[in-house]
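Just so you know, the sequences run in chain order V and F. Note that my numbering has the first sequence beginning at 17, numbered continuously upward. Note that my numbering has the second sequence beginning at 58, numbered continuously upward.
Keep in mind the hints are simulated off the structure, nothing from the lab. Please note that a few of the clues may not be correct.
As the list claims (entries may be wrong) - Here are the simulated EDC-like cross-link-like pairs (lysine to aspartate or glutamate), alpha carbons at most 20 angstroms apart as the crow flies:
no., chain 1, residue 1, chain 2, residue 2
1, F, Lys-114, V, Glu-112
2, V, Lys-19, F, Glu-164
3, V, Lys-54, F, Glu-159
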Amino acid sequence: AQKVTQAQTEISVVEKEDVTLDCVYETRDTTYYLFWYKQPPSGELVFLIRRNSFDEQNEISGRYSWNFQKSTSSFNFTITASQVVDSAVYFCALSEFTGGGNKLTFGTGTQLKVEL
Amino acid sequence: DTGVSQDPRHKITKRGQNVTFRCDPISEHNRLYWYRQTLGQGPEFLTYFQNEAQLEKSRLLSDRFSAERPKGSFSTLEIQRTEQGDSAMYLCASRRTSGGGELFFGEGSRLTVL
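For reference, chain F alone in the conformation it holds in the complex:
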């Protein structure tokens, strides 16, 4: 059983550049979640999808952030015009709609904005 896969694992960029992260969930998991984690903090919810539909976005997700899941499989998270405050670990998780509620997380994509 392949776990949640995220790419790239690390990204260093200059302020003002755009970055995109990709997440491949566990196959047959129809729910996909994005979280952000900063140093010394717990993960914070950003957004989630049920299949290809984006059902909820956190207020943390500013207009510079956009997430897609076009075919209900993999998802991308794009950050436009990056700022130093965007530096964080971006975590992706997935689960089935049915079942106990636990999320299965990937290893994360660490973003450093210089």
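Next comes chain V alone, as it looks inside the complex:
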């Protein structure tokens, strides 16, 4: 069975601070996808990134960066120089690479609050 753990329930930072959101996953599959989604107060889940399990290269997109470490089954998300608009709930998710309908298994989310 697949499982995603986001141990940080809530994080509060002051604007311009860097913040890292942790994600640890469990799966028996040798190939899989990992995702991060953002859920602002409006409720819509916004796709941020997908990572294939065979690609451990870290990725940077503007102020966002992701650190994938297969050895520790972690896929952490860092926001550099946080802004108030980053305030949202962030979900890490996992899916099979093939088969299983690519349905996503989500963690419980981390509520990020960025204050002035």
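Given the structure of chain V, go ahead and fit chain F onto it with the hints provided.
What follows is chain F alone, placed relative to chain V:
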């Protein structure tokens, strides 16, 4: 490019009533998914369709729940004899069969059962 659309956005009903939610996926997305999200939790998978075929249902989907996608386009999720425990956000998502696996979600339909 129109996103995933869900209707209604909010529904308040009394226990025992039936409710129906509609989802219009992104056009040409042949896979459609329903998820349920309760307060403080991540979305939980309910069911998914490939075109009009319902290929998998979660054990969370009791007999009171039924989903359809009759022409492989929009989908409906009906809950019969609602219970207070059904109060949640019902999320719809879609994607192409090919591609990277990410789902594109709608804004959800929030159900409150009194």
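Here is what the structure says about each hint:
1. F:Lys-114 - V:Glu-112: 16 angstroms, holds
2. V:Lys-19 - F:Glu-164: 25 angstroms, violated
3. V:Lys-54 - F:Glu-159: 13 angstroms, holds
Hint compliance for this structure: hint 2 is the single one not met.
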